[in-house]
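For the sequence shown, counting from 1, position 46 maps to 46 in this note's numbering; every step adds exactly one.
Hints are computed from structural coordinates only; laboratory data are not their basis. Some hints here could point you the wrong way.
Stated by the list, open to error - Okay, the calculated beta carbon distance ranges per label pair:
#, residue 1, residue 2, range
1, Arg-159, Glu-217, 40 to 48 angstroms
2, Arg-73, Asp-152, 31 to 39 angstroms
3, Thr-232, Gly-128, 15 to 23 angstroms
All figures in this text were calculated on a predicted structure; none of them were measured in a lab. Just so you know, even glycine gets a beta-carbon here, dropped at the ideal spot from N, CA and C.
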Amino acid sequence: MAIDAWLLEGPAPAFRLYRWSRPTLSLGWHQRRLEPHWWDLWRQGRIDLVRRPSGGRAVLHGTDLTYALVWPRPQGTRSEAYGRALTWLVEAFAAMDLPLHGGRQAASLQRSSCFATSTVADLVHASGAKRVGSAQLWRGGHLLQHGSIQLDPCPALWRQVFGVDPPDLDPLPLAGIALEEHLLRSAARWLPWPTDSDGCGEGRPSALPPLTPLAGEELAAIAPLLARYRLTESVSGETSPELTMPRAT
1 MAIDAWLLEG PAPAFRLYRW SRPTLSLGWH QRRLEPHWWD LWRQGRIDLV RRPSGGRAVL
61 HGTDLTYALV WPRPQGTRSE AYGRALTWLV EAFAAMDLPL HGGRQAASLQ RSSCFATSTV
121 ADLVHASGAK RVGSAQLWRG GHLLQHGSIQ LDPCPALWRQ VFGVDPPDLD PLPLAGIALE
181 EHLLRSAARW LPWPTDSDGC GEGRPSALPP LTPLAGEELA AIAPLLARYR LTESVSGETS
241 PELTMPRAT
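Can you make the complete structure from the sequences, with help from the hints?
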């Protein structure tokens, strides 16, 4: 999360596709109150807890792929930015004969789980099963969009965390590196990267902007951000009140 927030501070577009080493529940930046049993699961070592710089509700990671897109100065409304930033996923899943379309429900602050509703920020199958949940952070006209692509959620852990069954998703025809390469090829074709000298034009490059391994000075710049995304328990059951962040959506 700290790396994604740090990338947003730079002038260049960036794209990351990554997995989680442990089951982790990420909370949207404005999701101030956690369910009490989430702390119990954390104490038991069943899940880790982190906060995202982006908005939205809780997402259970560990059997998903997470993407982070940094898009300098996208044009149009925020809803339009969601649609354009999700085109690569629509294309990639259509090529696997698993079509997706945007959700049509209103956002709900009453639901603790991102996957309990399907809004314009999300992608669902014809059955209504939600495959992808996304959320945004806008800063200085630049966009950070996070998304979780659910692959094969663990029913037992999902029920422990959210009290309901996970989305009933069809298995994917690709897995592992083959799936990641398929998604990255689609991202390279469809993500709207700036192409002109002032960064306002958009086009389709032949490859994604490269992300090289972080250098020592870059890791040193990221280190002070780490505390912003750690969650600490308070007596009230709310997340630590000292966590502050520029406005997210």
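Hints violated by the structure (listed by number, smallest first):
3
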